[in-house]
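Residue numbers (the working numbering), protein chains in the order written: chain A, 1134 to 1375; chain B, 1134 to 1375; chain C, 1134 to 1375; chain D, 1134 to 1375.
Calculated directly from the structure, the hints in this document are not laboratory data.
No experiment lies behind these values; they were computed from the predicted model shown.
Copies of the same chain look alike in the list, so a pair counts if it works inside one copy or between any two.
Straight-line Cα separation of at most 25 angstroms, SDA-like style, residue types lysine to any residue; simulated pairs:
| no. | residue 1 | residue 2 |
| --- | --- | --- |
| 1 | LYS1190 | LYS1226 |
| 2 | LYS1263 | GLU1344 |
| 3 | LYS1300 | MET1145 |
| 4 | LYS1137 | THR1166 |
| 5 | LYS1341 | HIS1165 |
| 6 | LYS1137 | HIS1164 |
| 7 | LYS1350 | GLU1151 |
| 8 | LYS1263 | GLY1349 |
| 9 | LYS1137 | HIS1165 |
| 10 | LYS1160 | LYS1271 |
| 11 | LYS1160 | MET1272 |
| 12 | LYS1160 | GLU1178 |
| 13 | LYS1137 | MET1262 |
| 14 | LYS1160 | SER1270 |
| 15 | LYS1361 | LYS1373 |
| 16 | LYS1252 | ASN1199 |
| 17 | LYS1301 | LYS1373 |
| 18 | LYS1300 | GLY1339 |
| 19 | LYS1160 | LEU1141 |
| 20 | LYS1271 | GLU1344 |
| 21 | LYS1190 | THR1166 |
| 22 | LYS1197 | GLY1349 |
| 23 | LYS1301 | MET1342 |
| 24 | LYS1341 | LYS1361 |
| 25 | LYS1350 | HIS1198 |
| 26 | LYS1160 | HIS1267 |
| 27 | LYS1271 | GLN1167 |
There are 4 protein chains.
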Amino acid sequence: GGGKLIPLNGVMGKITAEELDQSIGGKGIVHHTQPSSVSITQVCETGEVYQLDEIKKISNIAHKHNLNMHMDGARFANALVSLDVSPAEMTWKSGIDVLSFGATKNGCLAAEAIIFFKKELVGDIAFLMKRSGHLLSKMRFVSAQLDAYVTNDVWLRNAKHANKMGKKLSDGLSKHNDIEISYPTEANEVFAKFPREKIEHLNSEGYKMNEEELDGKSVRLVAAWNTKDSDVDELLNTIKAN
Amino acid sequence: GGGKLIPLNGVMGKITAEELDQSIGGKGIVHHTQPSSVSITQVCETGEVYQLDEIKKISNIAHKHNLNMHMDGARFANALVSLDVSPAEMTWKSGIDVLSFGATKNGCLAAEAIIFFKKELVGDIAFLMKRSGHLLSKMRFVSAQLDAYVTNDVWLRNAKHANKMGKKLSDGLSKHNDIEISYPTEANEVFAKFPREKIEHLNSEGYKMNEEELDGKSVRLVAAWNTKDSDVDELLNTIKAN
Amino acid sequence: GGGKLIPLNGVMGKITAEELDQSIGGKGIVHHTQPSSVSITQVCETGEVYQLDEIKKISNIAHKHNLNMHMDGARFANALVSLDVSPAEMTWKSGIDVLSFGATKNGCLAAEAIIFFKKELVGDIAFLMKRSGHLLSKMRFVSAQLDAYVTNDVWLRNAKHANKMGKKLSDGLSKHNDIEISYPTEANEVFAKFPREKIEHLNSEGYKMNEEELDGKSVRLVAAWNTKDSDVDELLNTIKAN
Amino acid sequence: GGGKLIPLNGVMGKITAEELDQSIGGKGIVHHTQPSSVSITQVCETGEVYQLDEIKKISNIAHKHNLNMHMDGARFANALVSLDVSPAEMTWKSGIDVLSFGATKNGCLAAEAIIFFKKELVGDIAFLMKRSGHLLSKMRFVSAQLDAYVTNDVWLRNAKHANKMGKKLSDGLSKHNDIEISYPTEANEVFAKFPREKIEHLNSEGYKMNEEELDGKSVRLVAAWNTKDSDVDELLNTIKAN
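Isolated chain A (complex conformation) (with noise of 0.2 angstroms):
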């Protein structure tokens, strides 16, 4: 324990090279917290997705300062088929050091794999992940999957559908004069502020909508690689209803 997260405002949910390099300071002051690490979530928080100059430019940054750069890419696929570039492009192509490469979030159980990108930032990783409990029993069979999951494709047609899927329930959503989309859908997820009887509609119909996830006033709607188009005109038809 002891790492110290320093958030950033950012614009829209991403943070820009020009904050960070404003934020990072005190180094081997003993009185400071010793900048490490910068990390960026692809796709980010908002859903949106870091542009390949945004990444290598906040990437420059942290290794002007020596930092190394970290991608947390639990909805990696979705970025990448967003951004229809290759995944070395997305990664150290554009200065990222280390990937945490999610398939959790994209059909496969329970299954991520950190990516060094440089050999000598390895370091202790395996007796971290022991001692912290994550190497697990039998943890061939979990990572048997990623196998599968980057074979013929199946990771990029899942993002795929999924960010399809998104970009449906995001048009039909956008039809209604008083629901506002509040960040651009770059992939499969797509925020919202609904009108609070539409919400009370929907909640009363089964679904279970709420404002609390992100910014306290947008809902968040997801769709993932098993989405049916159906769900989606489901939904829409039951907003429409209402």
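Assemble chains B, C and D onto chain A, guided by the hints.
This is chains B, C and D only, laid out in the frame that chain A set:
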């Protein structure tokens, strides 16, 4: 961090109530590590199974000193069918306060549960799980396995089969004069001392045998829910052929 | 490890009850950091002193949310004589539950005490101190200082003198049109914005002035129990001579 | 948190190179606690002093396994004058990499230093001290003691006197047939087995004697830099009077 494990010598891999009683001390003295809990592993690390009266005696000592009694049940089902008792008898009726209910070694994927038999011990466990990264995304899919696991005796049938295969293996090995069963085979684990030439022969035939698992002298062989009769036969035949 | 600090913006270095009230949330929700305690620093980091009614309002909010109220009293005595109230009034009578009673900045050597105004909060503090290496060998000799410290008003006289020297320094500085006092001087700390040439002049005369302590703009000057009138005069004269 | 202490049995309170060599294992295997450092206490917990050749043998084993060698020198000066060697001989010339240089038990107030004999081991120690609350405010006043401590042989004279008083006490006790010196008295600590009636007599005379300090059988008596000849005489006379 900061907990300290106090190992006991035990007998055949199982701790005894007497040794436990003598080892607890320093309570309330600031210069001493404070005793908090007693933990036993069922099936234990030598493949032995704690008998109900042994569990009760140990629990009594723990409770006499106001310590909590924990059972590490990574092989809970194997112990249960070995003793042929009910889950209640092997746990709270014998003084167990908290159980780690393992399913991963008996057919599930990354599925374990922590069961508190005393509500007042639950404390902040949900937050501790979250903080240590053990509250997984989509955890409901992992947890769903446990529902199937305890339905229609799947878990007991799996464990019975594994124990049966362990017994078959142990019986087969004990027919060799130069192989010594290190501990009585009470569940699905078999520990045996092999002559070096037999180990080398097996390794040359594609097995991976070593004596480093436990006491530096015994080979550890584990039968599982999916071990086939023919798997055991094949191993025994390979040994005979040497 | 694992505690997380949630910083508030505050006004002039002091947090407000209103901002505090709005910032507490997520209690009982496993995905959120759990609020536990509110801590204020008296004298605070800008040299301002919390007034009794401010402490009471903040404590009320903390207690409304079932949080404990802590006062970091590294400069406790300086605040006390500044407010001219009793220790009881500035602590438990204003809702403080736990006090870090500092003496090191007011004449003692490595001597601090943690004072619990509610016995039920003491918990395992003695063991936590031991574990973190804060139970010193021969600690009775360190602690003995506190006995002398609070006898015959030593602590109050020391603090009064330090505050008086701080006031004298602040008054002297404020006579210069190009020096701006950043915060009202309420105890023994003076924060002031100096023109660059004055800083360089002082540094050339053997002082060590920088603007990095607080907000990157102000120099921080601290008078202590052993600061002499002549020390302040000398500094002020050096500034005038520039 | 997370470090794990592996205790060794030792002989008369001192670990041996042979036992150490046999106890180090599992390096690089993720399922095993990773060996990192060997620590010896000089003077050790039974009042015995490690001889130079013992330190060298232990250090050699530590370094053979790529472990760092630490000396807990809470009673460093007492050991030094007991062996009549130089600080260099008892530390880096005997393979010690890091020394905890204690002064608190020999006349200082809360003053200890960590001395690295290999610069590459310093690492983040300054930040670790800060984070754990061991970078004190006004620490320069605490540290200043060490300057005086090692000047004009103050530390050696203090230690010589303490050891001399320990020897006098040990010699006096050993004249009683019913008192058994538990370990050879090599520095300022005396461990002795007293008959119960003698303990009770001493306690009735205002001493505080118990047998709980070490092995549950011996009383622990410690002479210090400020123990007077008359203090020892008084204790011995009280024992005789029984």
